[in-house]
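**Student:** The chain contents come next:
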Amino acid sequence: MVENESDQIRGLAIQAANGSRTAFSELVNRLMNRVVALTYRMTGEREAALDLTQDTFVSAWEGIKNFRQDAKFETWLYRIAVNKALNFIAHRKIAATDELTEERAGSVAQTADDLLTQKELKQRVLKFMQSLPDQQRVAFELRFYRQLSFEEIAEVAGRGVPTVKTNYREAIRKLRRVAEEEGWRP
Amino acid sequence: MAAVNCRECRDELELWVGQAELPPEIAAHIGDCPECKAYWDELGVLAGSVADDPAFQVNAAEASRIKAGIERRMQSGQPTTITSLHWLRVAAVAASVIIVAGIGITGYHANWFSHGAGVTDTTVFAEADTQTGNGAAEDVSEGLSDVDLSALESAVDSTTTLDNATVLDSLSDEQIQYLESHLDVRGLI
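Protein chains in written order, with numbering that gives the first Met the number 0: chain A, 0 to 185; chain B, 0 to 188.
Hint data in this document are derived by calculation from the structure and do not stem from the laboratory.
Because the structure is a prediction, the values reported are computed rather than measured.
A hint or two may mislead.
According to the in silico footprint, chain B covers these stretches of chain A (three or more CB under 8 Å from chain B) [what the hints assert, rightly or not]:
1) 7–18
2) 27–38
3) 142–150
4) 158–172
Partial pick of chain A residues on the chain B-facing surface, computed with a CB cut under 7 Å [said to hold, decoys possible]:
5) Thr52
6) Gln53
7) Phe127
8) Leu131
9) Ala178
We put the beta carbon where it would ideally sit given N, CA and C, even for glycine.
Throw the hints in and build the complete structure from the sequences for me.
**Tutor:** Written out as structure tokens, the structure is:
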């Protein structure tokens, strides 16, 4: 029987908890993009996201012996990343649009039209995410982009499930308003 | 869950934006209700307007940088928080603002009581160093050019839009060390 990705990650996490650096490196390889995307959308700053990603994995390595093996490693990791992102946000004066003008398109080859669309899409995402209060931003990131259940989000955010649902619903309603005001199309 | 009405359905639909599957009772309702189905389609369009994007992923160079940093910090056994350096820089600028403000006041009084007009900024630094007993710092203060002071003064004048990188870039390492040694910068973080 072929293991699904979540099972593989759990297996790697257990090996890492037992001291395997190789297993931990593989976890970094597999989950780095998710953590970068999370911290990028949370903070709106690419450089900060890269640093926060590094911090997140180093903290994970430091604390991995405390990782409960019946828990989901991704959820545990997201909690570290979310806390670091919120801590970062709390300590800065937000310049929400700073990054919007100086983005790199990534390593995928694209046409000019694709690049324009992608840049536009990314600007929308960053603009919208930065417009949300912190807890709505956490709920939206984890639910919409990371596909977590409300129970998992509640665990990451340290809030009750009803609160997390309310935060997500409010974020969706805000998205409707912003999309209407801005005339966004997918 | 019992059959849902339209209001309940739409409230619930908002919680499933971006998800692959709906709960069975909600899926059943929108199968029979064109208005709720239209609302669900609208939410789908909305989800597309902020869809995930490859631009939020790292490129090869960034991935290497992150991995190398993690590896280095794991091996060193002393993993400092990189982002704390960001706040150290902010705090250093804050410290410079405070010290310049202090210098301004000291300089004003120095002018007033001892020399009248014409006391230089370097004199003020030297005077402050004498008071603190820090002779070595005098050498550093002598290196503080008009450009440096101008940058610091600008920072004072624009405290709501501090460009800490610009200010710090205009100072030498010794000058930053001087500022840090005279104020407990880390204590401000």
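**Student:** Each hint: holds or not?
**Tutor:** Quick rundown of the hints versus the structure:
1. 7–18: With 0 residues in contact (Cβ-Cβ under 8 Å with chain B), the coverage given for the region 7–18 of chain A is violated.
2. 27–38: Our answer is that it holds, as 6 residues pass the Cβ test (under 8 Å) against chain B, meeting three.
3. 142–150: holds (count 5)
4. 158–172: holds (count 5)
5. Thr52: Status holds, d = 6 Å.
6. Gln53: Where the cut-off is 7 Å and the nearest Cβ of chain B is about 5 Å from Gln53(A), the hint holds.
7. Phe127: 6 Å, holds
8. Leu131: With a closest approach of 11 Å, the Leu131(A) hint is violated.
9. Ala178: Holds - the Cβ of Ala178(A) comes within 7 Å of chain B, reaching about 5 Å at its closest.
Consistency with the previously given hints fails for numbers 1 and 8, ordered from lowest to highest.
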